[in-house]
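So the protein lines, in turn, are chains A and B. First residue of the first sequence? That's 1 in the working numbering, and the numbers climb one at a time after it. First residue of the second sequence? That's 1 in the working numbering, and the numbers climb one at a time after it.
Check the hints yourself; a few may be wrong.
For identical chains, the list gives no copy identity; a pair is met inside one copy or between any two copies.
[Stated by the list, open to error] No farther apart than 20 Å at their CA atoms in a straight line, the calculated lysine to aspartate or glutamate pairs in the EDC-like style are these:
1. LYS138 / ASP184
2. LYS137 / ASP78
3. LYS225 / ASP141
4. LYS81 / GLU98
5. LYS81 / ASP129
6. LYS138 / ASP78
7. LYS138 / ASP66
Keep in mind that the hints were calculated from the coordinates and are not lab data.
There are 2 protein chains.
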Amino acid sequence: MQRWKLTIEYKGTDYCGWQRQEDGVSTVQLAIEDSIDKFCQQRLTLHVAGRTDAGVHARGQVAHFDLDYGNRALDGYDLSKALNAHLRPQPISIIRAEPVTPDFHARFSACNKLYHYRIINRASFLGLDRDLAWHFKKPLDVKAMHEAAQILVGHHDFSTFRDSQCQAKSPERTLDRLDVIALDYDSCGGREIRIEAEARSFLHHQMRNMTGALALVGEGKWTKKTLKEALEERTRTSGGPTAPAEGLYLMRVDY
Amino acid sequence: MQRWKLTIEYKGTDYCGWQRQEDGVSTVQLAIEDSIDKFCQQRLTLHVAGRTDAGVHARGQVAHFDLDYGNRALDGYDLSKALNAHLRPQPISIIRAEPVTPDFHARFSACNKLYHYRIINRASFLGLDRDLAWHFKKPLDVKAMHEAAQILVGHHDFSTFRDSQCQAKSPERTLDRLDVIALDYDSCGGREIRIEAEARSFLHHQMRNMTGALALVGEGKWTKKTLKEALEERTRTSGGPTAPAEGLYLMRVDY
Chain A
1 MQRWKLTIEY KGTDYCGWQR QEDGVSTVQL AIEDSIDKFC QQRLTLHVAG
51 RTDAGVHARG QVAHFDLDYG NRALDGYDLS KALNAHLRPQ PISIIRAEPV
101 TPDFHARFSA CNKLYHYRII NRASFLGLDR DLAWHFKKPL DVKAMHEAAQ
151 ILVGHHDFST FRDSQCQAKS PERTLDRLDV IALDYDSCGG REIRIEAEAR
201 SFLHHQMRNM TGALALVGEG KWTKKTLKEA LEERTRTSGG PTAPAEGLYL
251 MRVDY
Chain B
1 MQRWKLTIEY KGTDYCGWQR QEDGVSTVQL AIEDSIDKFC QQRLTLHVAG
51 RTDAGVHARG QVAHFDLDYG NRALDGYDLS KALNAHLRPQ PISIIRAEPV
101 TPDFHARFSA CNKLYHYRII NRASFLGLDR DLAWHFKKPL DVKAMHEAAQ
151 ILVGHHDFST FRDSQCQAKS PERTLDRLDV IALDYDSCGG REIRIEAEAR
201 SFLHHQMRNM TGALALVGEG KWTKKTLKEA LEERTRTSGG PTAPAEGLYL
251 MRVDY
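Sequences are here, hints too, so could you generate the full structure?
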């Protein structure tokens, strides 16, 4: 029995999220488990670093599974190539497969996760990045967003920014970094605003809820003080809107 | 009569290029002319800075047209908003509309064009950027590509890199800049290789043909010397392959 670690890229638009569901709807987990089944005629279960919601993308999701491949040799490159061949033409790609020791766990061994949230901030709608970013028409004050974001950095009770359905035992998390940066996007003044967040783990919808609140700050509807008070309220109803799924990317998981 | 300049973004994947065709197939020009017709009930003709082939994208294409809107006031923001409303949900966006003087011509007044060509250089296929970049599996030597590219900079007869159907009177052009740069693409060593080219004008397929030849250099099949000799042959058959359309972006046109 060999444990394998997969690093995975996907466009989440046409999937009902990562997690396999009982009704067999299209999910990323099901698609990859199907490809493993086609490769080795075994129905195996993937364990993931962090489930993503419908429409959320990944550039570096991680999952593991255990494979009994008999005495035959198998290297990571061949495994990723075989799985990718079965996944085609779906927008899911195994960018690396590597053997790991049995104590490795995609979720429990993770020491850091990096998420990016992409906002395209301009009046005209999106030609190239539809489904790949949040289109926000009103001008956003990036400096105010970044300054306010620093309130959320550190160890806090994040009840304000967790989904009401979140099943985590504790609402406390340590957010190590939350940066808001602006990049040129087009030749007419349109900007991409990228929110970068790092933590060992995140609550359900935490990144999208923090983004929704930061957009209120960027619009001038909230101040740094409003955000601080919202955090201290420790109730989801104080937290502002949830940003849409299409802007969110799980970029990397560190071990 | 008012002349209007449009700056346009589009995803070229599902279009048979920019130019309207007699058989009425889906093209970017036809889609925008249709939107103008819906807006003002006039069948007007767009004049473009540079036609793009099927599958080629634009972040800053430019076109102009003349509109008789009577005595009614019309500002650029309202015009772009109206055209975008009619274009939806197509992946074409008017990112700016502005009134210009009658001596402005999208093609003839252009003094500089910037193209980017995107190559994703890694073994595993593309999850997120399918149709949006050239997937190149074998490792490319970016330094060798950039050094060889400098041979093409300057005033040359580019017959080797023009399509056999190219209708330009002269095969001579002045290439002002051709840079090949590498960017991190994923967390597993995959790289994005971007070729940036600037010139007042380009021959048909010039950018894709230069890219095809530079990929041969990157693979080690051609040297700087081979590229120089190919340029001097002044015949398309010496020029190597044409890179696929999906990696090419018209980024910006300067006036």
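Point to revise | Index of numbered hints that the structure contradicts, given in increasing order | key: 7
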